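Enquirer: The lines below spell out each chain.
4 protein chains.
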Amino acid sequence: MKAVRLNQYEQRPAVEDVPEPQITGPMDVIVRIGGAGLCRTDLHLVEGQWASRVGDVLPFTLGHENAGWVQEVGSAVEHLAPGDTVILHPQATCGLCRFCRAGDDMHCTGTNFFPGLNTDGGMADFLKTGARAVVKIDPNLQPADVAALADAGLTAYHAVKKASPQLYPGTRAVVIGAGGLGHIGIQSLKALTPAEIIVVDRSEDALKLAQEFGADHAVVADGSQVEKVQELTDGNGAEVVIDFVGERGAEHDAWGMTRRAGSHFVIGYGGAVNVETIDLISTERNVIGNLVGTFNDLAELMILAAQGKVKLHTQTYPLSAVNDAMDDLDGGRLHGRGILVPDQAA
Amino acid sequence: MKAVRLNQYEQRPAVEDVPEPQITGPMDVIVRIGGAGLCRTDLHLVEGQWASRVGDVLPFTLGHENAGWVQEVGSAVEHLAPGDTVILHPQATCGLCRFCRAGDDMHCTGTNFFPGLNTDGGMADFLKTGARAVVKIDPNLQPADVAALADAGLTAYHAVKKASPQLYPGTRAVVIGAGGLGHIGIQSLKALTPAEIIVVDRSEDALKLAQEFGADHAVVADGSQVEKVQELTDGNGAEVVIDFVGERGAEHDAWGMTRRAGSHFVIGYGGAVNVETIDLISTERNVIGNLVGTFNDLAELMILAAQGKVKLHTQTYPLSAVNDAMDDLDGGRLHGRGILVPDQAA
Amino acid sequence: MKAVRLNQYEQRPAVEDVPEPQITGPMDVIVRIGGAGLCRTDLHLVEGQWASRVGDVLPFTLGHENAGWVQEVGSAVEHLAPGDTVILHPQATCGLCRFCRAGDDMHCTGTNFFPGLNTDGGMADFLKTGARAVVKIDPNLQPADVAALADAGLTAYHAVKKASPQLYPGTRAVVIGAGGLGHIGIQSLKALTPAEIIVVDRSEDALKLAQEFGADHAVVADGSQVEKVQELTDGNGAEVVIDFVGERGAEHDAWGMTRRAGSHFVIGYGGAVNVETIDLISTERNVIGNLVGTFNDLAELMILAAQGKVKLHTQTYPLSAVNDAMDDLDGGRLHGRGILVPDQAA
Amino acid sequence: MKAVRLNQYEQRPAVEDVPEPQITGPMDVIVRIGGAGLCRTDLHLVEGQWASRVGDVLPFTLGHENAGWVQEVGSAVEHLAPGDTVILHPQATCGLCRFCRAGDDMHCTGTNFFPGLNTDGGMADFLKTGARAVVKIDPNLQPADVAALADAGLTAYHAVKKASPQLYPGTRAVVIGAGGLGHIGIQSLKALTPAEIIVVDRSEDALKLAQEFGADHAVVADGSQVEKVQELTDGNGAEVVIDFVGERGAEHDAWGMTRRAGSHFVIGYGGAVNVETIDLISTERNVIGNLVGTFNDLAELMILAAQGKVKLHTQTYPLSAVNDAMDDLDGGRLHGRGILVPDQAA
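Protein chains in written order, with the working numbering: chain A, 1 to 346; chain B, 1 to 346; chain C, 1 to 346; chain D, 1 to 346.
If you are wondering where the hints come from, they were derived from the structure by calculation, not from laboratory data.
Certain hints may be false.
If chains are identical, the list can't say which one is meant, so a pair holds when it fits in one copy or spans any two.
Only pairs whose alpha carbons sit at most 30 Å apart, straight line, appear in this in silico DSSO-like list of lysine-lysine [stated by the list, open to error]:
1. 2 - 161
2. 162 - 2
3. 190 - 2
4. 311 - 190
5. 228 - 2
6. 136 - 228
7. 2 - 309
8. 208 - 2
9. 208 - 228
10. 136 - 208
11. 162 - 309
12. 162 - 190
13. 162 - 208
14. 190 - 161
These numbers come from a predicted model, not from an experiment.
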């Protein structure tokens with residue numbers, strides 16, 4: 001089958017013929033890919049930025065945001081059948097450690113299996129994963145439409161769900177960064193909470209789109225953004241600030257926009273949060289880390305997608321055009337999320 | 001009456017004769033002081049470090065950790081009567097703002113009344129406060145024994161109570177700093193949770209005392225403390241780290257001792273928390289600010305004190321010896337908390 | 001001023017001239033009434049059903065769902081000013097007991113002051129209450145439009161808020177009873193949760209209106225309602241069932257519609273919940289009592305009203321027509337909630 | 001091997017030779033039994049009371065509270081090894097349904113596998129279960145000492161853990177029924193909460209033992225028990241009442257002992273909870289069902305056992321004396337929990 005192979009860091013991935021994956025374990029599942037999301041992490045993988053973290057795994061197939069249809073299942077898999085429409089949680093967890101037993105899939109201590117990051121991913125005709133990673137979804141959903149929710153969308157939804165108990169009527173949530181994650185964040189906030197939503201971004205176009213997705217206020221990040229959010233919140237700041245950027249100053253802005261007794265949720269990364277302890281305690285604010293999301297989070301997000309409450313702008317490319325897609329992403333020409341689909345389906 | 005007056009910053013407070021406070025409002029309460037705790041904040045007040053925050057309030061009477069007996073009540077106060085044994089929450093709140101209505105006294109937006117910090121405090125024979133600050137306690141408790149729980153103890157209890165949902169059997173809580181707050185923290189952890197307690201301090205004596213108060217493991221802060229906590233936690237770190245120091249490196253140690261998916265509670269101050277966003281998200285850890293505690297927290301702590309579950313080492317001084325007490329505190333000669341009592345009671 | 005007086009049980013109330021209320025305490029507030037909701041409890045009061053509970057309080061002015069504008073405040077009231085648009089929590093609480101200090105106003109142990117139930121209420125030109133009962137609202141809201149939210153609406157909102165943590169995407173909430181409370185319940189569910197809403201009522205008209213307010217499914221209570229809800233929930237029942245009826249079989253239906261590990265919220269009353277302990281434990285279901293709501297709940301509901309997310313159908317009557325309004329309510333001719341307004345405003 | 005076989009309802013079980021269980025699936029685990037708890041459910045099984053619920057499963061081996069050592073594991077089991085000391089959760093769950101993915105093992109919708117209830121249990125030399133049921137415990141624990149915690153103890157711990165957020169200092173928890181479950185309940189309350197514990201039972205001996213296990217007050221159930229609990233709680237009732245009896249009037253007492261805004265936890269069964277809706281709402285009380293416990297609950301309880309915080313009185317019998325043990329249990333001659341151990345180990 002065709003697959004987008006990363007053979008060497010700092011070299012463009014190549015579309016090559018590789019053997020189809022085979023069932024080898026009782027809980028294995030092979031999925032026919034309908035779409036694989038392309039994200040900035042893929043560019044970083046190619047650049048070798050993750051090499052030290054994922055170890056010596058080259059060559060492998062890219063693609064960590066995957067959806068499709070079940071093709072074949074292992075001998076012990078009873079809850080899935082060929083033909084089921086599915087999206088894949090990024091991690092096939094052990095199901096046996098304390099974290100898995102509490103539903104906190106992303107803290108699983110029993111496995112280290114991340115298709116598209118340290119083993120063969122979904123930019124291919126087929127993908128092999130474990131049964132615990134497979135979320136069955138509404139058959140009316142198109143895998144190519146939802147694939148990017150598997151990781152990026154899940155991360156946004158997970159943080160919003162964690163923040164939601166703090167967001168009662170009359171509160172404000174600030175979303176910093178109106179890109180793909182931010183859009184899912186805004187729609188998740190709309191679906192889960194009655195909070196007023198303030199979105200902050202450098203791009204006026206992105207802000208406009210954010211408002212179409214439900215943001216109540218848009219603030220251009222032109223240097224006055226902290227002040228403007230303070231104005232929109234009666235000088236108090238917002239109960240919840242969700243920072244999808246996490247670098248280039250956004251991580252400082254986020255803290256400055258957070259209200260007394262409020263929480264600053266960190267999702268984007270690159271920078272550092274640097275806060276004086278006197279400031280933390282005299283206002284009793286919190287800094288909350290956020291990591292992907294649980295299996296149940298992903299299942300819930302798929303319900304919102306099936307109900308039409310969460311939508312994603314996408315642009316599809318055939319697998320064979322993966323480098324065009326990467327160039328478009330890198331060059332800022334990709335509007336919405338890029339989705340790679342097998343050539344015959346494209 | 002006698003009172004410890006701060007007349008000018010950077011000058012020693014003086015014990016002077018001042019008029020007794022009078023009831024002027026319907027919700028006023030006058031308390032005959034049984035004991036007023038002395039803490040490092042008093043030294044900082046004298047040094048003028050708080051001048052910019054509290055404004056032009058000189059001269060005033062020191063003492064923000066107060067307990068005693070009700071002397072007289074305003075016309076609208078029906079739930080208190082002269083003779084009631086009481087401890088005073090540091091803040092007389094408005095009772096009407098959103099925060100007060102949710103029980104979050106320390107975020108009250110309606111008042112700015114802090115006896116001993118910006119108005120006359122309890123290092124005196126009598127103190128005036130508002131009815132909402134007054135916690136009725138077991139008449140068998142001696143005010144001089146519990147006064148220091150009004151602020152320092154309350155702060156420790158509040159943080160422990162917030163942390164307790166994370167502390168199920170098998171978890172570990174690290175307490176950094178085995179001073180007065182740390183001791184209350186350890187006893188509160190023992191009373192509220194089944195967690196194993198690891199205490200970290202530079203002083204072997206303090207650690208010994210901490211173990212008498214219930215700590216399961218003692219770690220000397222000699223440079224190897226992060227490593228030692230990691231060893232005691234199977235290399236994972238602790239689910240909860242409560243930092244009562246917040247400066248001189250403790251604030252960095254605290255983060256380094258915190259487990260994946262765990263929380264670092266900040267209480268002490270002076271330094272800064274500086275954490276890379278990638279580190280926050282890849283481990284999904286939290287930094288939690290903590291500020292004093294609620295009225296109900298203080299009432300709960302007083303129950304623990306009445307049940308003998310929380311004890312405090314104290315050393316009493318007559319009001320007239322306030323400067324000896326301050327010198328002993330500053331010089332490290334004060335073991336346990338210093339408590340000032342009216343001369344006739346001393 | 002004019003007031004609707006209940007002079008004797010089982011006799012029609014009379015509109016009489018009574019003296020205007022006067023400020024007598026420092027925290028008193030006098031409100032010029034803009035509207036007072038009429039509800040079934042008023043009929044029961046007239047019938048004497050509450051006599052044994054409220055004691056010998058005749059004669060008094062009816063009206064326990066009140067909104068209007070501040071007319072005058074006591075000497076210690078600083079956060080309200082004449083002219084403020086306000087709605088009144090049904091209970092003027094003490095602000096000092098454990099429950100008040102935790103925000104649980106309806107469990108206040110310090111007062112027994114319920115205007116319109118055991119002291120003069122709001123079917124009058126003016127009403128006196130305590131400052132702690134007064135919620136300042138958006139001046140664009142008309143008191144007559146929102147008055148009925150003060151008690152009936154608050155009760156519905158409070159139960160929905162308690163249920164909301166159980167209502168993630170993919171769950172179902174059943175609302176039994178599509179009357180005034182049910183409509184607020186449906187709109188509150190829409191505002192606070194992503195749950196699918198199933199409404200059950202005997203009246204097809206009421207169901208139609210409920211669907212306009214946001215219900216996803218309507219089930220006629222014709223004897224097949226439990227079965228139909230089971231069908232709509234894949235044979236499992238709903239995670240949350242909110243019973244606004246509580247009698248005539250609804251209380252049994254509610255339990256039968258509740259899913260394993262789910263909760264049956266009781267609001268309406270008259271009947272009894274009768275469940276075998278084996279049934280409670282083998283499915284680990286809960287029965288949850290609900291009582292009015294907190295001050296902050298009412299403030300939140302007023303935000304939803306100001307945002308247009310919660311609306312109420314009302315029919316206004318002048319005070320002098322109170323007996324027509326009661327007849328209409330009793331005779332089923334009152335569509336929406338009846339609101340009494342001072343004659344000059346009607 | 002030897003096994004206690006139930007061949008026909010209403011006939012005594014027989015100790016017979018049966019083949020040892022064999023690994024047939026990749027996630028199977030075979031455990032060498034160290035002890036199997038005997039409980040009243042076993043008597044009911046023999047009497048055929050469960051026949052209609054568990055279906056046509058005769059003959060099978062009794063024993064649903066099991067602990068021992070891993071003997072052999074299936075091909076896909078990597079986290080367990082022969083020799084590991086283990087206790088077995090009563091249910092081998094699927095690990096794939098929504099409930100399992102949230103940690104709510106007892107609501108698993110994917111399996112119906114309960115050793116000792118509907119398939120071969122642990123009153124035998126060996127037992128086969130699934131890997132997801134196996135909790136690894138401290139090798140210093142003796143399986144025969146802890147086996148009865150697998151179901152009875154787990155149920156008590158689970159309810160206490162659910163109740164613990166309501167049990168802050170100053171609150172009271174009532175434990176109705178001072179038998180085996182009650183004792184674990186009391187010790188779990190002591191370990192997890194600062195609540196004052198009131199225990200209610202008909203037997204003075206049982207109450208005495210309960211006080212040794214940590215109960216603060218003992219109330220003889222002689223008809224005055226509701227009144228006595230009211231006296232011990234200042235006429236308010238207790239914030240939490242845990243009813244381990246659930247029949248013969250205890251289920252009514254429990255409600256009558258529950259405080260306004262409090263919760264009545266149901267564990268024992270046989271009777272019915274019958275409460276007027278007016279009573280539920282006017283006091284805003286709750287009735288909470290409780291079912292066994294989660295895998296993580298059992299792991300936590302085993303930590304408490306290893307720390308010596310939870311102990312169980314036991315009386316061991318060899319497998320061959322199973323009918324003596326049952327007679328002793330039925331005749332009230334069994335003090336503590338009966339534990340069956342393989343003959344060679346007895």
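Enquirer: Each hint should be assessed against the structure and marked as holding or not.
Expert: Hint check:
no. : hint      : in the structure
1   : 2 - 161   : neither (38 Å within a copy, 51 Å between copies)
2   : 162 - 2   : neither (39 Å within a copy, 52 Å between copies)
3   : 190 - 2   : neither (40 Å within a copy, 46 Å between copies)
4   : 311 - 190 : both (12 Å within a copy, 19 Å between copies)
5   : 228 - 2   : neither (50 Å within a copy, 49 Å between copies)
6   : 136 - 228 : between (43 Å within a copy, 26 Å between copies)
7   : 2 - 309   : neither (34 Å within a copy, 51 Å between copies)
8   : 208 - 2   : neither (38 Å within a copy, 54 Å between copies)
9   : 208 - 228 : within (17 Å within a copy, 44 Å between copies)
10  : 136 - 208 : neither (34 Å within a copy, 34 Å between copies)
11  : 162 - 309 : both (19 Å within a copy, 24 Å between copies)
12  : 162 - 190 : both (14 Å within a copy, 19 Å between copies)
13  : 162 - 208 : within (26 Å within a copy, 35 Å between copies)
14  : 190 - 161 : both (11 Å within a copy, 16 Å between copies)
The structure fails to meet hints 1, 2, 3, 5, 7, 8, 10 from the earlier list, while all remaining hints are met.
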